[in-house]
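**Student:** Chains as they are written, first to last, in our numbering: chain A, 1 to 167; chain B, 1 to 160; chain C, 1 to 433.
Don't read these hints as lab results, they were simulated from the structure.
Predicted model only: the values in this text are computed from it and were never measured.
It is possible that some hints are incorrect.
As the list claims (entries may be wrong) - Listed below are several chain A residues computed to face chain C (Cβ distance under 7 angstroms; list not exhaustive):
hint, residue
1, 8
2, 54
3, 144
Unchecked claim - Far from chain C, some chain A residues (derived; all Cβ distances over 10 angstroms):
hint, residue
4, 27
5, 39
6, 58
7, 66
8, 74
9, 76
10, 85
11, 100
12, 122
13, 126
14, 132
Every residue gets a Cβ at the ideal spot worked out from N, C-alpha and C, and that includes glycine.
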Amino acid sequence: MNSDTKQALLQKIRDKLGDDLHEVYEEYQYPLLRINRERLHETCRFMKEELHFIYLNDVLGTDRFTSVDRFEVIYHMISLRDQQRFFLKVFVDEEDPVLPTVTDLWTSANWNEREVYDMFGIRFKGHPDLRRIFLPEDFKYFPLRKEFPLLGVPGSLELPSSTPDHD
Amino acid sequence: MSLDRVMGEGFFTTTLDSLTKWGRSNAIWPMPMGLACCAIEMMAFAGPKYDAARFGSEVFRFSPRQSDVMIVAGWCTYKMSHAIRRVWDQMPDPKWCIAMGACASTGGMHRCYGVVQGVDNFLPVDAYISGCPPRPESVINAIMKIQDKIKEEQSMSLDS
Amino acid sequence: MPSMELDQNISRKRPTFFPQHQEAIYKSLEDKHATVEVDKSDPLATRMILNMGPQHPATHGVLRVLMELDGETITKCRLDTGYLHRGIEKMAENKTYQEFMPYTDRMDYLSPYSNNVALCLAVERIAKIECPERANYIRMIGCELARISSHLLWLGTMIMDAGAISFFIWTFREREKLYDIFDEVAGHRFTVSHSRIGGINNELTPVAVEKIQKFLREFPKELEGWHKLLDRNRIFVDRNNGVGQIDHENAIASGLAGPSLRATGIAYDVRKFEPYMHYDQIDFEVPTRTEGDNLARYYCRMEEMAESIRIIEQCFKKMPKKGPVRVDDAKKSYPSKDEVYYSMEGLIHDFMMTDTGVCPPAGAEAYHAIEAPKGELGFYIQSDGTGHPWRMKIKSPSFSNLQGLETILDGEMVADTVVIIGGMDPVMGDSDK
């Protein structure tokens, strides 16, 4: 974890984004960058092609439960050449939960974005195959939203019948 | 000698009964429905130290058509429950079911939206094993209980 | 009664449960790799859809693979995961960090010790707790034993799926020895929850140390015997050579992790990338191959088992002979049982730790990854100041490996599916959180 290369990389991102880089902070030596939602795809392309962040580790969503900018999607990427781990965050609001997909840059974003869709309901525009991944399509709720009860909604998932005649 | 007299309660039936009961209880072929961590303990039950073969469970038949007992090991989700029920329906009679572990019996530590709180919501379970995961000795105990059940309940006579 | 619908080339029964889900996944299989003109000229109907269903002896858990076959070759496939999804991330938001420990055991249930350690390390990072040195060394020993245990099961089941059933018995005999060790160390055979936040539960007894030393003496001979049997075995090599090949660019793009990634040439191991605990003081190598096929994955894992033995031997030498096994701060970890039973403060601290737990600062976020036997296992925690996490995301290696499996299986023969799934070693409890 070389801090000189980290500062150099951060400077390059600052130069590219300017004001659209809303916030940069470090939690235990990993930089977390919050950027403007409009420039997400462009920033990801820049980070992959210019800064060599070729390994996308994870895409995760969070429910902040605030009235403005309710959700947050975090992209966790690793640069093997410079041995760095960066986190890129965007806020998504509840009325318009749509983000551009990054599956054209990293194929591994495919299932990760499907998981974010399954758990939170955030749609990814341009995703080749946006379906639920863990729960069946018949399930109509998004479990990791804070208002979904832990024990689920009774009747939302059907059980098989306990008689062999299926009636 | 009418069929009723032959196949009712009589010397012929009870001898045949005890023969079939002896045969059935000493050759229980399990079908492992190994879902999660309890499946690993079930594999250890089939392994060299806690040998399942000495109880007659020599082969773990993964085909429902060729097995007697279905051991549900691990937590059952709503999505998986239909597959389990379908496999259960394909098993020919006589068949028994063992719910292995806390998760299969009652949902265990997973009290949340995805997990069925006990497979007895859709399967007729004959033996429950507690433990998380249960030691293979507990599985042997359950197999012995099923053997007792076979010896007491099954009968060839027509009116049963 | 389900009715038969003949749809030109592909016949399909109407599904009787979760109909929308089944239709969505069959449609997605049709649409995969679809160009503008769909070729429907298949008069002999040689293409069929084979469903390697959730209940299958060789899918290592509940995994459903839908394959479209052209004769014996898989033209395209889709994986349906989620048959073991219970929502532990939702449950984590309702439990304290220590209460969540048993759930981590049941994630990658082949090597539960390493999952426990991953959670403990993540919480220690976010709450800024310093773990004592001896506890870290004991955790490292436990993690490496769990790695050996997981690789033993991989070996047994992969070779049993390829046809040699006696391997299963041999590896399980070794696993029983490991179970005895874990029983002695932690009290349970494999879902131990031995790690506590701030340290570990109890010190290693002399009996446990003796058992581990005995295992370290005897295991390398077994490993050598298996090498002699398999490395030049004509059947084994033919079955695995060139099967399930993936090159390193596709491996990085698909997000593979662990030995599957190292078999393609990328030497990414979290123990060397960002050393945690005391791995920077231990001398070990990361086995890597370049071919990227199943045989390379086999060699990587076998060599990792030998490296683990080396690591445990060095840990025993470098470990401080005596020391505390848990940090001594009441707000950060459980007091020892002596204090709980014999002093009032100890009792109150124990109660508060169970009731409220460790409270990291509000708004803090932390990520910590470890090298689990399957790949990089990471916990990302966001805290809101209480003892329950606000969000806990688990980056599981099997999820990434299964995603890579969808790419690898295209173009393979259907009889190789079993060996490839065995070679990737997915664990469904880890992948379907």
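**Student:** Broken hints, numbered, in rising order?
**Tutor:** 1, 4, 6, 8, 9, 10 and 14
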